[in-house]
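Residue numbers (the working numbering), protein chains in the order written: chain X, 632 to 969; chain C, 632 to 969.
Please keep in mind that the hints were generated in silico from the structure rather than gathered at the bench.
Errors might be hidden in some of the hints.
Note that identical chains are pooled: a pair holds if it fits in a single copy or bridges any two copies.
[Said to hold, decoys possible] Using 30 Å as the maximum straight-line C-alpha spacing, the simulated DSSO-like pairs for lysine-lysine come out as follows:
{"no.": "1", "residue 1": "646", "residue 2": "694"}
{"no.": "2", "residue 1": "966", "residue 2": "940"}
{"no.": "3", "residue 1": "768", "residue 2": "646"}
{"no.": "4", "residue 1": "966", "residue 2": "897"}
{"no.": "5", "residue 1": "646", "residue 2": "669"}
{"no.": "6", "residue 1": "966", "residue 2": "646"}
{"no.": "7", "residue 1": "671", "residue 2": "768"}
{"no.": "8", "residue 1": "870", "residue 2": "854"}
{"no.": "9", "residue 1": "940", "residue 2": "646"}
{"no.": "10", "residue 1": "854", "residue 2": "836"}
{"no.": "11", "residue 1": "854", "residue 2": "671"}
{"no.": "12", "residue 1": "966", "residue 2": "671"}
2 protein chains.
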Amino acid sequence: MIKKQNATIYDVANKVGVSLATVSRVVNGNTNVRASTKEKVLAAIDELGYQPNAVARGLASKKTTTIGVVMPDVTNLYYSELTRGIDDVANMYHYDVLVTNTDDDPVREVMAINNLATKQVDGIIFMGNELDQRVLKAIESVGVPVVLAGSVDPAGQLPSVNIDYVAAMHQITSQLLDNGHEHVAVVLGDFEHAINQEYRFAGYKRALEEHGHEVNRDYLFTKAHNYQTALDVAPDVMKSGATGIVVYDDEVAIGILNYLQDHGAKIPADFEIVTSNDTNYSIVSRPQLSSIGQPKYDIGAVAMRMLTKLMDNIALTELAVTLPHTFIERQTTRKRQD
Amino acid sequence: MIKKQNATIYDVANKVGVSLATVSRVVNGNTNVRASTKEKVLAAIDELGYQPNAVARGLASKKTTTIGVVMPDVTNLYYSELTRGIDDVANMYHYDVLVTNTDDDPVREVMAINNLATKQVDGIIFMGNELDQRVLKAIESVGVPVVLAGSVDPAGQLPSVNIDYVAAMHQITSQLLDNGHEHVAVVLGDFEHAINQEYRFAGYKRALEEHGHEVNRDYLFTKAHNYQTALDVAPDVMKSGATGIVVYDDEVAIGILNYLQDHGAKIPADFEIVTSNDTNYSIVSRPQLSSIGQPKYDIGAVAMRMLTKLMDNIALTELAVTLPHTFIERQTTRKRQD
DNA sequence: GTGAAAGCGCTAACAG
DNA sequence: CTGTTAGCGCTTTCAC
């Protein structure tokens, strides 16, 4: 690996016998260059293997063509699928992506945002289970556009892309209730988080009320956030008396499904289960998990597209975008008639 | 979001009444600054909310404290776990991480590497199933250190971190053979790729030969690379007559496992299956997949650590690092006596 | 259509 | 211990 001295714009200007400005113009596609000189410049660029230095360019133009992605964890299938959508459209618009894992820790989220500001990113996509006040403050003062992907701002002030969590939860809970279950349990993440309490639980609650059921906290479980902790919580949901279960996360859902089956339950005969993220987990499980269908890739893609607009100072027609969700009937629910 | 004009090093120098150089010194922890002036500078920095501009710093110092990660796909659990290891030690050493997905396409890999060079990254971690000649050339001419993570360089010229694929494959094949299977099938990725043919298949082959079996290509399957394609290949492996199966990828393994069970096979009574990556898939499946144990997080972490050394111009004690693997006996193999 | 010149915000000798 | 002086490599007015 020889540290070759890269050619600079100066070198090509010299070689052709024009000024830096002219070279810069052809590199940036400025039309005010005579065709013949453009040719010569291009030839010299090719010959010298000249590659513009993006750092110098960033300093001079105050645009780095780099965006930051702040996410809980790359190894989480839900977030990694969003990230794939982000990355693909970022590349489409010639942006590079700086990724930071935060493990949902507000302190690290704030650090990540500030660090990204330091690196002069042109914009940020934020993903996280909760918009902590400190994070909100960091976002407001970061100086570049930020859009939320698969993450909710209860105040509705920030650009965001999500599905309608209330409606989705309402729908699957209703379906279970329609099937005659006396008790439908709900498994959520941290109940302090708005997305769980104000959105998901709200949808669940409304479905219960519409069906004339009382909301009983005995059927609310909020301590499971991955496969292992799902296994810990599963015995309690099994013993709760519930026969229908709606779950906010696929890893948690497959944990509960496996536990129930390992302990003799027949699915969906004894329990019906619906999960929420439609990741690969819901397909590889046996039986396959019925799920809310979320356009995860699109959520990321649309969020990134919105960010490009914001970075180009073009107004958003919609601040909080809601993408349509579906219900994917697989094998942990009984066949529906309708 | 008010685009606040950030304070520059010049502003704080002015406020305190010292030169840029002094401010730069305290920011960079240079000790040659009187304690009292350091205090004053720090106070001014705090008051102005000064944050060094990393782009300007990068241009002046020729170090961006940013590295690039070139990977097939973030949504692949194997690679995302490596990436998590990379990211954690990168942060530890104050590097940011630019991530690019390539879908294992050499053309995109080359583009990614060149683009990263343009962005003046200080180093690159490369992950991919195959080191294409074009990619190799790009790596050699990129001008910054590159280390391979979970990716093999048959020529042994590039720094890399892997497990011993030959030994691992030899081990699991041998175990199956020891259990008395007449025919052990092997499911690999693209056979044109060295990692499959020269490493994994070589280990499989050696095990067969040591056990006095002939190598028969009827038991070699190379068309499965994800869950869906695994389902496509599964009927053939079921009909092949093999009763032991070694698989190079967990998503593929769970696909085959599910297919076999869905078609009446008892696992591990009728078939024993061993997979290779020990991702979450091997834990959530029923029965749980026995697997080679790979220190995935560590492969990424060690690769990144090596990269930091290279970037600091400190020599590597070992070019091609081999991390230990294990065998994790779960439920798709019969209990072993030893 | 092209060039000259002034930075972008910072680091890094080099003096003193 | 501190200041001066050059740049880093490029974009961007502003003239011509």
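Verification of the supplied hints:
no., hint, verdict
1, 646 x 694, "both (28 Å within a copy, 28 Å between copies)"
2, 966 x 940, "neither (44 Å within a copy, 59 Å between copies)"
3, 768 x 646, "between (51 Å within a copy, 27 Å between copies)"
4, 966 x 897, "both (15 Å within a copy, 27 Å between copies)"
5, 646 x 669, "within (13 Å within a copy, 47 Å between copies)"
6, 966 x 646, "neither (74 Å within a copy, 73 Å between copies)"
7, 671 x 768, "between (51 Å within a copy, 27 Å between copies)"
8, 870 x 854, "within (16 Å within a copy, 45 Å between copies)"
9, 940 x 646, "neither (39 Å within a copy, 37 Å between copies)"
10, 854 x 836, "within (19 Å within a copy, 48 Å between copies)"
11, 854 x 671, "neither (67 Å within a copy, 49 Å between copies)"
12, 966 x 671, "neither (70 Å within a copy, 72 Å between copies)"
Hints 2, 6, 9, 11, 12 from the list above are not met by this structure, while the remaining hints are.
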